[in-house]
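Residue numbers (this note's numbering), protein chains in the order written: chain A, 1 to 329; chain B, 1 to 329; chain C, 1 to 329; chain D, 1 to 329.
No wet-lab data here; the hints were simulated from the structure. Please note that a few of the clues may not be correct.
[To be verified] The calculated label-pair distances, taken between Cβ atoms and stated as ranges, are:
#1 Y159/B with Q321/C: 13 to 21 Å
#2 S218/D with K297/A: 47 to 55 Å
#3 K76/B with G137/D: 54 to 62 Å
#4 S262/D with S327/B: 52 to 60 Å
[To be verified] Just a few of them, taken from the derived set where beta-carbon distance is under 7 Å, the chain C residues facing chain B:
#5 G205
#6 T209
#7 Q321
#8 I326
[As the list claims (entries may be wrong)] A few chain A positions that, by computed beta-carbon distances, are all more than 12 Å from chain C:
#9 P70
#10 P152
#11 S218
#12 N261
#13 A263
#14 K267
Keep in mind that this is a model prediction, so the values were computed, not measured. We put the CB at the ideal spot given by N, CA and C, even for glycine.
Number of protein chains: 4
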Amino acid sequence: MLKIGLLGCGRIGQVHARSIAQTEGARVSAVADAFGEPARMLGNKTGAKVMEPIALIESADVDAVVIGTPTDTHYKFIHAAAAAGKAIFCEKPVDLSADRIRDCIKAVEAAGVPFLTAFNRRFDPNFANVHARIAAGEIGDVEIVTIQSRDPSPPPIGYVKSSGGLFRDMMIHDLDMARFLLGEEPVSVYAVGAALVDAEVGRLGDVDTAAVTLSTSSGRICQITNSRRASYGYDQRIEVHGAKGMLRAENVLENTVEIANSAGFTKSPAQHFFLERYEAAYRAEMAHFVDCIANSKPIEPGIEDGLRAQLLADAATRSFQTAEAISIC
Amino acid sequence: MLKIGLLGCGRIGQVHARSIAQTEGARVSAVADAFGEPARMLGNKTGAKVMEPIALIESADVDAVVIGTPTDTHYKFIHAAAAAGKAIFCEKPVDLSADRIRDCIKAVEAAGVPFLTAFNRRFDPNFANVHARIAAGEIGDVEIVTIQSRDPSPPPIGYVKSSGGLFRDMMIHDLDMARFLLGEEPVSVYAVGAALVDAEVGRLGDVDTAAVTLSTSSGRICQITNSRRASYGYDQRIEVHGAKGMLRAENVLENTVEIANSAGFTKSPAQHFFLERYEAAYRAEMAHFVDCIANSKPIEPGIEDGLRAQLLADAATRSFQTAEAISIC
Amino acid sequence: MLKIGLLGCGRIGQVHARSIAQTEGARVSAVADAFGEPARMLGNKTGAKVMEPIALIESADVDAVVIGTPTDTHYKFIHAAAAAGKAIFCEKPVDLSADRIRDCIKAVEAAGVPFLTAFNRRFDPNFANVHARIAAGEIGDVEIVTIQSRDPSPPPIGYVKSSGGLFRDMMIHDLDMARFLLGEEPVSVYAVGAALVDAEVGRLGDVDTAAVTLSTSSGRICQITNSRRASYGYDQRIEVHGAKGMLRAENVLENTVEIANSAGFTKSPAQHFFLERYEAAYRAEMAHFVDCIANSKPIEPGIEDGLRAQLLADAATRSFQTAEAISIC
Amino acid sequence: MLKIGLLGCGRIGQVHARSIAQTEGARVSAVADAFGEPARMLGNKTGAKVMEPIALIESADVDAVVIGTPTDTHYKFIHAAAAAGKAIFCEKPVDLSADRIRDCIKAVEAAGVPFLTAFNRRFDPNFANVHARIAAGEIGDVEIVTIQSRDPSPPPIGYVKSSGGLFRDMMIHDLDMARFLLGEEPVSVYAVGAALVDAEVGRLGDVDTAAVTLSTSSGRICQITNSRRASYGYDQRIEVHGAKGMLRAENVLENTVEIANSAGFTKSPAQHFFLERYEAAYRAEMAHFVDCIANSKPIEPGIEDGLRAQLLADAATRSFQTAEAISIC
């Protein structure tokens, strides 16, 4: 039975607590939060002890930590957990600075602790199915990856200010997905973007509508588009064109019902809320973490994947700012 | 070059004229109509002679006749054409009386002339594809056939009065389709129906909403529903469930465009107009007729199929009237 | 907090235990089973007491009972629970005999206890959405209901022997769904069927392929087909054609992925396993039961619905045996 | 009645002859070809005179010319037709050199003759429907356009050599479509590409797999992918994301049939052959040309559109060669 300590009892911490409850061989043994109330509530619900973060990390009753606290605290908790020899499940992004992520990598590698960077979308049953079938050779060598990723509605402007920008905050998921599906590292990044949804975003130097093109050394291509709004729900689609065929994962709709009338044939919108859309992904992600630790399997995506995605997001940001394609080494 | 004489220059006659123009190895050589104007117009358009019906049938310049005149004239034109040794393409229904169809069969068989009963839907590329794949064994033995057939809007009440009733006028297409897909003759018919669209139809003893169940001696089942209205276009769907799988042909939509917005994902309505919906079927039907004559192949559906469908429509009518299942021998 | 006692710790009892765990305001307080091991296991998992059935029913620690035991035990447990004044959640069918269900109704009505007949499909989010939109008038008056219901693979022949026959065992779900969607009571039933999957089923006097037609006094029609096999998964579709449009709920597929290659565009099969296909329905069903009791709302479907469905299944069986349409009063 | 002279009696010339036959108010009055046989055959079929090209252009029996000859002959025929005051329907590309197109523009403008650049895809009923609905404001301001355009199989290597490269030969259609849908002129072009289908293409300096990103001055974005192969047919999809919703046109499949079996649910491949896929577009394109001339309406796309698309193709080629984004003025 893997005893897990939760750092952060906010929305994402509660998601992970529910996932753990549905995972064989694991339980929440301790929780911590900067604020007393969320910690107390989650402690009651799970029966776990409420502790201070560092005490939790060092507790003998904790085998692994889930870091779901604000991004700027990841660095210290990763170092503390590595020092304590605990397995680490860390929300993305690992850090907004690639150099600081490199520091974390050193600490994690020195300690030899398991580490999962929580790119939850890799565990979505639909996207995972696409990945597995590429690996099984169903479409031959990958040639073109297309990712459409659009939020149902823009975040508050306050969030935008501290987000690191669309490329680091939102597109980072798609950049990781691109690496996951391309099967090769991108060597160049080209980005365009604009503030078409909210001019205030533009005044902050950020964008809410963007597109990126990645290419790999063998010539594989990935195109990504992002928008901070989509009237029809949370738009999350991928498509992979290979030498022998094409695989695509369509949106997950609210239900399977279709109405037919003089307007035509109408299906329901896509599921709106990311916690609902990716509920199965969060569960599978936690199950993977627990299984890898229990059975000493390598964890993917690891901390190196966290760094790679961050470097692509940095490059995309620079490409947008300079209007030039950026080479990645 | 097969020289075809057209009897009837109304809407369906014009359809056949266009089909002939697109068919290799055939041309319209003569046209006839009870009214002068339609005959003159179609004659101009096709370059064919305008003649009196019997003269047309007997003309040396006519190898085959297309009978597209009102149903109550079919009988005499079939007899005349058989007597003249001409191949016959006859619109459905052959006649509203099964006994009179039997008379026609005698005449046609005695003369040994080719005969096609124009159940155009058998030639629809989608339905024909389903039939061909059943024949190829793709779904194993047929078990359940489901046919949904709904007109976009009801005909004028005057038409209803002389139509022979929904089962003989509208469902006869589906009864032929059922025979086409079941691969066995139905041995029992059960029908229900009501006037849900227009109460006046009910006062005339007819229905505008109906359902039929057919079963064959080996236990295969077919369910059919008809409605005289469908707000979403001309609803024409078939589905065949077999031992190894299922084949279905969906509606033909106006276009492939889908709009996504807060209402969901909306595709266009189904094509509304039967001449548009079955344009390809009419063309393939004529091509089959011309090809069978040119190459001395057996024609399907023949006049016997016209009789069989009529007997099923009669049985369905009787079942509706008596509320009992009717056996067919 | 509603304290629920589970009678029956087999597959369906475990499903209900999981649903209760996800339902606010309810917990499993006691479990009982004819066998010791399943009861012990479920007791451990839920923390509930293991008791004898009648003791459980009468326990002060039990407010409501879930009857998930074999059908022939329902009668006695319903009477005991009614006598003890406990709310009742009873698996379908209530009983295989309509007269015995009428006895149960008397006992339940005399005791005034809440009763839910567990027709879980009414709670499927897709089918419930169709029902809600009919009620909201989106398609006008209902005219034609079509239900396709096909199991992925046949049950063991031993199960067939004691099942009461396809109409009472399998189609009863669809007959309840028909009532749910038609909005009127059927007044006639016509059934056909055959043993096309397994001849042994036919030798037992049962069928594995069947079709039923229902009609109501105002002329509404429902067609149902059942098959004990479907190579493409658990086929569960409904379609409702109304005066103003059509609503349909399509199958729930395993995932949203489509592969395109020279064979065409292929989506995954439908979910195969009924517990997976109806997982959300089981959860919503339990939530409805708990909510109705907590807030003194009327429960639907009630025990009367259990009787009505049984009467339709009886009539369908008789229709199949006599080859005649059966009137329902 | 518009008398049309056809220059070029090859495959595309025959397509236009068929379209004219189906267009009210127009007929083929003369045909010309560099080779005798194709001209003679098309002359026979249409009843048109066979002439030498320049004689045809200058003939009093020709009101308009359709230029369907090899690209390098367009220049002289455009000049001749403009000098003769004839309306011009010219296959794309107008010329492989932007400067020579500018010469043609001068000649056409000086003569004041109507001119259509045959970007047939604008007339596809599906794509035209998307364009019309954008214009009607159904999705608000356009933000992101995505175009997937993939041929079913690569052309002969000999064709590749003289094609001007993928960007000028194949993607030019998509670049015109991008302008058509964006509603603004692109101001920057970024292209990547590789020879993933056939290494020989790469040795010639060309690509068979490519992606382009366009952006406009207001920040609208278009992403295009091209491949010279697609096992599932002729892949032709567009998608337009706007402020209020999204419009997309899916592939046109061979038929509407779906088979369900243990592999899942399989629809037919997309139509493979461009003449079949765009048959309706060719017809609508010719009808537009004839209608605009008959009723003195402005023709779109005109010769300026031919130039604009060529400039984008040139810029994409340069971007691919330099790995830099190219600005367009």
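Right, here's what the structure says about each hint:
1. Separated by about 42 Å at the C-beta atoms, Y159/B and Q321/C break the suggested range of 13 to 21 Å.
2. Range check, S218/D to K297/A: about 50 Å between beta-carbon atoms, so the 47 to 55 Å window is met.
3. Range check, K76/B to G137/D: about 59 Å between beta-carbon atoms, so the 54 to 62 Å window is met.
4. One distance hint, 52 to 60 Å for the beta-carbon pair S262/D and S327/B, is violated here, with the actual separation near 38 Å.
5. Evaluation of the G205/C hint against chain B yields a violated restraint, the C-beta minimum of about 14 Å exceeding 7 Å.
6. Interface restraint check for T209/C: the shortest CB-CB distance to chain B comes to about 5 Å, inside 7 Å, so the restraint holds.
7. Annotation: interface hint on Q321/C violated; nearest CB of chain B at approximately 13 Å, more than 7 Å.
8. The interface hint given for I326/C is violated, since its Cβ lies 11 Å from the closest Cβ of chain B, which is over the 7 Å cut-off.
9. Every C-beta of chain C lies more than 12 Å from that of P70/A, the closest at about 30 Å, which supports listing it as non-interface.
10. At roughly 18 Å, the least C-beta separation between P152/A and chain C is larger than 12 Å, which holds for a residue marked as non-interface.
11. No Cβ of chain C approaches the Cβ of S218/A within 12 Å, the least distance being about 22 Å, so the stated non-interface status holds.
12. With a cut of 12 Å on Cβ distances, N261/A falls inside the contact zone with chain C, its closest approach being about 3 Å.
13. Its beta-carbon lying about 9 Å from the closest one in chain C, A263/A breaks the requirement of being farther than 12 Å from that chain.
14. Distance check for K267/A against chain C: the nearest CB is about 9 Å away, which does not clear 12 Å, and the non-interface claim fails.
In this structure, the hints that do not hold are numbers 1, 4, 5, 7, 8, 12, 13, 14, in rising order.
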